[in-house]
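*Asks:* Given next are the chains, with one letter for each unit.
There are 2 protein chains.
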Amino acid sequence: MRSHYCHQVTEQQIGESVTLCAWVQRRRDHGGVIFLDLRDREGLVQVVVDPDRPAAFASAEDCRSEFVVRVVGKVRARPAGTENPQLPSGKVEILAEEIEILSRADALPFPLDEEGIGENLRLQYRYLDLRRPQMLHNLRLRHQITRHVRNYLDAAGCIDVETPVLTRSTPEGARDYLVPSRTYPGEFFALPQSPQLFKQLLMVAGFDRYYQITKCFRDEDLRADRQPEFTQIDIELSFVEEKDVMALAEPMIRGLFRDVLQTELPDPFPHMTYGEAMQRFGVDRPDLRNPLELTELTDLMRSVEFKVFRAAADAPHGRVACLRVPGGASLSRAQIDGYTEFVAIYGAKGLAWIKVNDLASGASGLQSPIVKFLPEPVLQEILQRSGAEDGDILFFGADRAKIVNEALGNLRNRVGTDLGLVQAGWKPVWITDFPMFEFDEKEERWSSTHHPFTAPQSTDLATLRTDPEHALARAYDLVLNGNEIGGGSIRIHREEVQKEVFAALGIGPEEAQDKFAFLLDALRFGAPPHGGMAFGLDRLVMLMSGSDTIRDVIAFPKTQKAGCLLTAAPSPVADRQLQELGIRLRPGVGDGLQNP
Amino acid sequence: MRSHYCHQVTEQQIGESVTLCAWVQRRRDHGGVIFLDLRDREGLVQVVVDPDRPAAFASAEDCRSEFVVRVVGKVRARPAGTENPQLPSGKVEILAEEIEILSRADALPFPLDEEGIGENLRLQYRYLDLRRPQMLHNLRLRHQITRHVRNYLDAAGCIDVETPVLTRSTPEGARDYLVPSRTYPGEFFALPQSPQLFKQLLMVAGFDRYYQITKCFRDEDLRADRQPEFTQIDIELSFVEEKDVMALAEPMIRGLFRDVLQTELPDPFPHMTYGEAMQRFGVDRPDLRNPLELTELTDLMRSVEFKVFRAAADAPHGRVACLRVPGGASLSRAQIDGYTEFVAIYGAKGLAWIKVNDLASGASGLQSPIVKFLPEPVLQEILQRSGAEDGDILFFGADRAKIVNEALGNLRNRVGTDLGLVQAGWKPVWITDFPMFEFDEKEERWSSTHHPFTAPQSTDLATLRTDPEHALARAYDLVLNGNEIGGGSIRIHREEVQKEVFAALGIGPEEAQDKFAFLLDALRFGAPPHGGMAFGLDRLVMLMSGSDTIRDVIAFPKTQKAGCLLTAAPSPVADRQLQELGIRLRPGVGDGLQNP
Numbered sequence: 003m004r005s006h007y008c009h010q011v012t013e014q015q016i017g018e019s020v021t022l023c024a025w026v027q028r029r030r031d032h033g034g035v036i037f038l039d040l041r042d043r044e045g046l047v048q049v050v051v052d053p054d055r056p057a058a059f060a061s062a063e064d065c066r067s068e069f070v071v072r073v074v075g076k077v078r079a080r081p082a083g084t085e086n087p088q089l090p091s092g093k094v095e096i097l098a099e100e101i102e103i104l105s106r107a108d109a110l111p112f113p114l115d116e117e118g119i120g121e122n123l124r125l126q127y128r129y130l131d132l133r134r135p136q137m138l139h140n141l142r143l144r145h146q147i148t149r150h151v152r153n154y155l156d157a158a159g160c161i162d163v164e165t166p167v168l169t170r171s172t173p174e175g176a177r178d179y180l181v182p183s184r185t186y187p188g189e190f191f192a193l194p195q196s197p198q199l200f201k202q203l204l205m206v207a208g209f210d211r212y213y214q215i216t217k218c219f220r221d222e223d224l225r226a227d228r229q230p231e232f233t234q235i236d237i238e239l240s241f242v243e244e245k246d247v248m249a250l251a252e253p254m255i256r257g258l259f260r261d262v263l264q265t266e267l268p269d270p271f272p273h274m275t276y277g278e279a280m281q282r283f284g285v286d287r288p289d290l291r292n293p294l295e296l297t298e299l300t301d302l303m304r305s306v307e308f309k310v311f312r313a314a315a316d317a318p319h320g321r322v323a324c325l326r327v328p329g330g331a332s333l334s335r336a337q338i339d340g341y342t343e344f345v346a347i348y349g350a351k352g353l354a355w356i357k358v359n360d361l362a363s364g365a366s367g368l369q370s371p372i373v374k375f376l377p378e379p380v381l382q383e384i385l386q387r388s389g390a391e392d393g394d395i396l397f398f399g400a401d402r403a404k405i406v407n408e409a410l411g412n413l414r415n416r417v418g419t420d421l422g423l424v425q426a427g428w429k430p431v432w433i434t435d436f437p438m439f440e441f442d443e444k445e446e447r448w449s450s451t452h453h454p455f456t457a458p459q460s461t462d463l464a465t466l467r468t469d470p471e472h473a474l475a476r477a478y479d480l481v482l483n484g485n486e487i488g489g490g491s492i493r494i495h496r497e498e499v500q501k502e503v504f505a506a507l508g509i510g511p512e513e514a515q516d517k518f519a520f521l522l523d524a525l526r527f528g529a530p531p532h533g534g535m536a537f538g539l540d541r542l543v544m545l546m547s548g549s550d551t552i553r554d555v556i557a558f559p560k561t562q563k564a565g566c567l568l569t570a571a572p573s574p575v576a577d578r579q580l581q582e583l584g585i586r587l588r589p590g591v592g593d594g595l596q597n598p
Numbered sequence: 003m004r005s006h007y008c009h010q011v012t013e014q015q016i017g018e019s020v021t022l023c024a025w026v027q028r029r030r031d032h033g034g035v036i037f038l039d040l041r042d043r044e045g046l047v048q049v050v051v052d053p054d055r056p057a058a059f060a061s062a063e064d065c066r067s068e069f070v071v072r073v074v075g076k077v078r079a080r081p082a083g084t085e086n087p088q089l090p091s092g093k094v095e096i097l098a099e100e101i102e103i104l105s106r107a108d109a110l111p112f113p114l115d116e117e118g119i120g121e122n123l124r125l126q127y128r129y130l131d132l133r134r135p136q137m138l139h140n141l142r143l144r145h146q147i148t149r150h151v152r153n154y155l156d157a158a159g160c161i162d163v164e165t166p167v168l169t170r171s172t173p174e175g176a177r178d179y180l181v182p183s184r185t186y187p188g189e190f191f192a193l194p195q196s197p198q199l200f201k202q203l204l205m206v207a208g209f210d211r212y213y214q215i216t217k218c219f220r221d222e223d224l225r226a227d228r229q230p231e232f233t234q235i236d237i238e239l240s241f242v243e244e245k246d247v248m249a250l251a252e253p254m255i256r257g258l259f260r261d262v263l264q265t266e267l268p269d270p271f272p273h274m275t276y277g278e279a280m281q282r283f284g285v286d287r288p289d290l291r292n293p294l295e296l297t298e299l300t301d302l303m304r305s306v307e308f309k310v311f312r313a314a315a316d317a318p319h320g321r322v323a324c325l326r327v328p329g330g331a332s333l334s335r336a337q338i339d340g341y342t343e344f345v346a347i348y349g350a351k352g353l354a355w356i357k358v359n360d361l362a363s364g365a366s367g368l369q370s371p372i373v374k375f376l377p378e379p380v381l382q383e384i385l386q387r388s389g390a391e392d393g394d395i396l397f398f399g400a401d402r403a404k405i406v407n408e409a410l411g412n413l414r415n416r417v418g419t420d421l422g423l424v425q426a427g428w429k430p431v432w433i434t435d436f437p438m439f440e441f442d443e444k445e446e447r448w449s450s451t452h453h454p455f456t457a458p459q460s461t462d463l464a465t466l467r468t469d470p471e472h473a474l475a476r477a478y479d480l481v482l483n484g485n486e487i488g489g490g491s492i493r494i495h496r497e498e499v500q501k502e503v504f505a506a507l508g509i510g511p512e513e514a515q516d517k518f519a520f521l522l523d524a525l526r527f528g529a530p531p532h533g534g535m536a537f538g539l540d541r542l543v544m545l546m547s548g549s550d551t552i553r554d555v556i557a558f559p560k561t562q563k564a565g566c567l568l569t570a571a572p573s574p575v576a577d578r579q580l581q582e583l584g585i586r587l588r589p590g591v592g593d594g595l596q597n598p
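Protein sequence lines, in the order shown, are assigned to chains E and L. Using the numbering used here, read the first sequence as starting at 3 and increasing by one per residue. Using the numbering used here, read the second sequence as starting at 3 and increasing by one per residue.
The shape of chain E in the complex, shown without the other chains (with noise of 0.2 Å):
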């Protein structure tokens, strides 16, 4: 239906006949002839009609923004002066010859060239929503990575195999989607959380090497970031160390960011193990663009007798560590009541501080609350440990590690966006020697950092239950920016080290068998040494389209209570439908339903 997309039509089209198939960006009257700017998903390009086409003339007349026409003309240079260089098809215009209105268009519910249009209009409309440049730059961004994603793993031997999507319910921290079955009533599918079993049967069934990229779901309560749908770049390999896997995986981003962004990552990216990225930044994803550090003041604080930092100090999982803010000795009051807010948000319970205004008058120099409290020397060590100099800020947490972890970690993010310090570029790093083993405070009881298929780097078995705090993983994340980019770990392939690692999780043998069954079962018939790893679609395109949300890179999300307000789902179904799934709804449920 048509010859060219509007960017094809330059000066080289001069003289020729055209036909576009395209929308009505805008329509202008001007001197008694119609210009209509035609816009389709590549370009943008001009229209001049004259009225002595009287038929095309109508139809230009009838146009409206966003209708769409097909127009069949002549190329022809632009009059002198008028020419657009921001278009490559700037220098010319189309003289019509015949417009034939091929759909028409309701005023919009919003402009589409307007900044700040609310999201849930842009949601309900998505498919306007969709028509701006950016959005659509967004989502043919996202091919062009998965498609360099899928040639770099194709070329490195890797099976491109779909696991299923109606499969079962295993417990790996959040909570399942369940679709009940009619086949079997009373029982459920889980929409997977990931395909991670089904991996590790593929490399027991030797398949050798694995990749898919895969929608994955969670019902979880939804983050800024978050979504209850989605899509991960699912790899795993047999017979590998952690360092084949990284091997194989940051060649595949380092070529990706060369590829679709024409930008260098370092080679190679560095590697961090979880113990110091904590110590350093409190953080296990630290945005290393950020200079800001935390400075350990632990072991000092165990000597002094101001009680806040010394109860912090002397408590078995606390710390006390300050964070060093160059040139913070201007903030104001305000400001740091704001900071102290914030860092509230984590738990901690006030934001001491020691501004560093004239270091050569010792303890005089500094201006704090809590410099009484503190002696002189111990009050030096803190200066020399931090490099503090004349016009920084030292921001102070003392509490459970956790906490102090948490709000400096957050913290400095926080003022180092605030205060401009974080630098442009990419700054990519591998994260290392994780717990096998976090506290899960309010279930008591320990549950997997990773998850409970990942392999304990020591093999001396006993000690997963007699110490189950100072157990390392063989995991590993890549950080890229502050951002989890992928995660990953070698796994567990021997039975009896599956289930120790169950036991240390509370899972006893009876539950292991009831929900694990065909692991543990695949693990004694010749299971291969294998690990791998997952990056986040999503998150990654995101970040390499430099939007702020993940939602800006999905084509139809959900909104943060997982409705779609596009279609208007969930939505309410026949009862005839839940008694075929032998299902119905509590007493009261559905009552006052209301739509997303």
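It is possible that part of the hints are untrue.
Derived DEER-like restraints, expressed as beta-carbon distance ranges [unchecked claim]: (1) E116(E) to E278(L): 51 to 59 Å; (2) Q425(L) to D108(E): 52 to 60 Å; (3) T551(E) to R142(L): 35 to 43 Å; (4) T465(L) to G175(E): 52 to 60 Å; (5) E278(L) to R578(E): 37 to 45 Å; (6) P270(L) to R80(E): 38 to 46 Å; (7) I103(L) to H273(E): 26 to 34 Å; (8) R142(L) to Q264(E): 29 to 37 Å; (9) E18(L) to G175(E): 42 to 50 Å; (10) G427(L) to A157(E): 27 to 35 Å; (11) A109(E) to D550(L): 54 to 62 Å; (12) E486(L) to R578(E): 26 to 34 Å.
In silico lysine-lysine, PhoX-like type, Cα no more than 25 Å apart, as pairs [stated by the list, open to error]: (13) K517(L) to K563(E); (14) K501(E) to K517(E); (15) K309(E) to K374(E); (16) K217(L) to K217(E); (17) K351(L) to K404(L); (18) K374(L) to K351(L); (19) K563(L) to K517(E); (20) K93(E) to K76(E); (21) K563(L) to K217(L).
Covered by chain E, per the in silico footprint, the following chain L stretches (three or more residues, Cβ under 8 Å) [unchecked claim]: (22) 176-190; (23) 208-218; (24) 234-247; (25) 567-573.
Calculated from the structure, these hints are not laboratory results. For each residue, glycine too, the CB sits at the ideal point set by N, CA and C.
Knowing the structure of chain E, use the given hints to seat chain L on it.
*Replies:* Showing chain L alone in chain E's frame:
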């Protein structure tokens, strides 16, 4: 951990030291020496273990079938006469220096090299079943196919866009899988039966050309070649007519067969209308490798007195036809009885037949229980129309056209196979001009032959309601060897047409608004003409791999009852989970829970 795959160890490596990681396919003890056949995903190689390497020898003695080992050794030529020309590695063997047992294996529940293992056992231990070379081959072929398709569609300018899996229930013929929402209690998502409406919305968004290889879901009672989750190659294009979609799809399939199977398909594919297909073959997906055809006799039988034929010929939707089977006169009575039972499955009340033994003798050369009911000129006309020759049999169908077509159409397939009449090779055909609607006798209303978003051929909208029976759709299927491998249509892009089609389907304005508000809205904001198609990937891979069932081209398929024997999904879940979702089991349901 390894230097080579097994098949890479060839004469080039003689004298080199290699390291392999593989499964022990077989162990043989021969003349004081141990031979291990090692297997990895690429092939086999033979390892020789001498007793003068005591550590390696001890490990080899320990080895059983399906142990996983790491072997270091030197490549040497096999002794003359012991080469295996079947294997790339067949001229060499590896003299083991080190053997490390990486993983042990219990005795397998079934031998990997035996045919005819019960499918349930194969599905329960799928990771072992997948070790069989044929299964690995099928899944690698599947990957090759998707890779070819992606490369082709990428190059054709189609944008790969992911559409939601958690979406809204839309009536597309089959039963939806439902997913209870936790955040909107009492409401449900549905898993998509296809991304149909989303891809149409992408066209409204101006994406112009789209594709996706994606999972779709139908909660149907499963026939042999269906799965509750299946994979679709989904394509949609803007500003196209039927021929444009075919011009994209046809070279894709032709290139696929050329690249993957080194086979040339016809260029171009033949076209046939739905009407012609039903007339000549009784089905809308004729296997053109089968030379048998139906002969139309309805008009002829309006003049006979034989009630069975006359009544069918006179009835408004009746049909009389025969199937000529060359050489079929030699069929035994028992064989004919078998076919009579076969057509009864499709509702035929009997299977009249005429054996043609001696044409020269006229009616007396015909052997049949029904000859006596038909006058000589009618018999002559039957023989002439069908082209019957001595030695043939004619099978008759007389009933409602639907029953005649199903009975004779299926009989045609069955007899063609039984008598070895089906030729080798690949016979694609486009089927076009489908009816818009078919009458659903159970529901007593018209339903869509394709789906409600298919454009009608006629621009006279009124006839959709006044004469739905004769309305033709802008729909097309691609049929290969009797299998529908793809289908599609030009879609409705104007609101008033969509409303008219909904009305013809008995979907009133309120119901349309309730279920399809977003589609009808979208059609009001500048929707381009568009169309597309979808291919069933599983079916395509099944055909291309020569498999008997789609379960053999899916890594982890479900049983016919939609259960997973490997993971025992679906499974009961904790009441706490149901409580969170606001649902519960109906009384009595789940009392005798029974896993797949």
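*Asks:* Next, verify each hint and record whether it holds.
*Replies:* Do the hints match the structure? See the list:
Between E116(E) and E278(L) the beta carbons are some 54 Å apart, a value that agrees with the proposed interval 51 to 59 Å. For the pair Q425(L) and D108(E), the supplied restraint of 52 to 60 Å holds, since their beta-carbon distance comes to about 56 Å. At about 38 Å, the beta-carbon gap between T551(E) and R142(L) stays in the expected band of 35 to 43 Å. The supplied range of 52 to 60 Å is met by T465(L) and G175(E), whose beta-carbon atoms lie about 58 Å from each other.
Our hint of 37 to 45 Å for E278(L) and R578(E) holds, since their Cβ atoms are close to 40 Å apart. Hint check: P270(L) to R80(E), Cβ distance near 43 Å, so the stated range 38 to 46 Å holds. In this structure, I103(L) and H273(E) meet the distance hint of 26 to 34 Å, their C-beta atoms being roughly 31 Å apart. Look at R142(L) against Q264(E): about 34 Å separates their beta carbons, and that is inside 29 to 37 Å.
Checking the proposed 42 to 50 Å range against E18(L) and G175(E) shows it holds: the Cβ atoms sit about 47 Å from each other. Judged by the Cβ atoms, the range 27 to 35 Å given for G427(L) and A157(E) holds: they are separated by roughly 33 Å. A hinted range of 54 to 62 Å holds for the C-beta pair A109(E) and D550(L), which are about 57 Å apart. For the pair E486(L) and R578(E), the beta carbons lie near 30 Å from each other, so the given range of 26 to 34 Å is met.
About 21 Å separates the Cα atoms of K517(L) and K563(E), which keeps this hinted pair within 25 Å; it holds. Distance hint between K501(E) and K517(E) is fulfilled; the C-alpha atoms sit about 12 Å from each other, no more than 25 Å. Among the hinted pairs, K309(E) with K374(E) is consistent with the structure: their alpha-carbon atoms are about 13 Å apart, no more than 25 Å. Distance hint between K217(L) and K217(E) is fulfilled; the C-alpha atoms sit about 10 Å from each other, no more than 25 Å.
For the given pair, K351(L) sits about 13 Å from K404(L) by alpha-carbon distance, which is consistent with the 25 Å threshold. Taken as a hint, the K374(L) and K351(L) pair is honoured in the structure, with Cα atoms around 20 Å apart against an allowance of 25 Å. Between K563(L) and K517(E) the alpha-carbon distance is near 21 Å, which keeps this suggested pair within the 25 Å criterion. Pair hint K93(E) plus K76(E) holds up; C-alpha atoms about 14 Å apart against a cutoff of 25 Å.
Of the pairs offered as hints, the one joining K563(L) and K217(L) holds, with about 19 Å between alpha carbons and a cut-off of 25 Å not exceeded. Coverage of the segment 176-190 of chain L by chain E holds. Counting CB-CB distances below 8 Å, 14 residues qualify, and the rule asks for three or more. For a cut-off of 8 Å, the count of residues in the segment 208-218 of chain L with a CB near a CB of chain E stands at 4, and the three-residue condition holds. Only residues whose C-beta sits within less than 8 Å of a C-beta in chain E count toward coverage, and the segment 234-247 of chain L has 5 of them, enough to reach three; the restraint holds.
Under a criterion of three residues with beta carbons nearer than 8 Å to beta carbons of chain E, the stated coverage of the segment 567-573 of chain L is upheld, 6 such residues being counted.
Checked against the numbered hints above, the structure breaks none of them.
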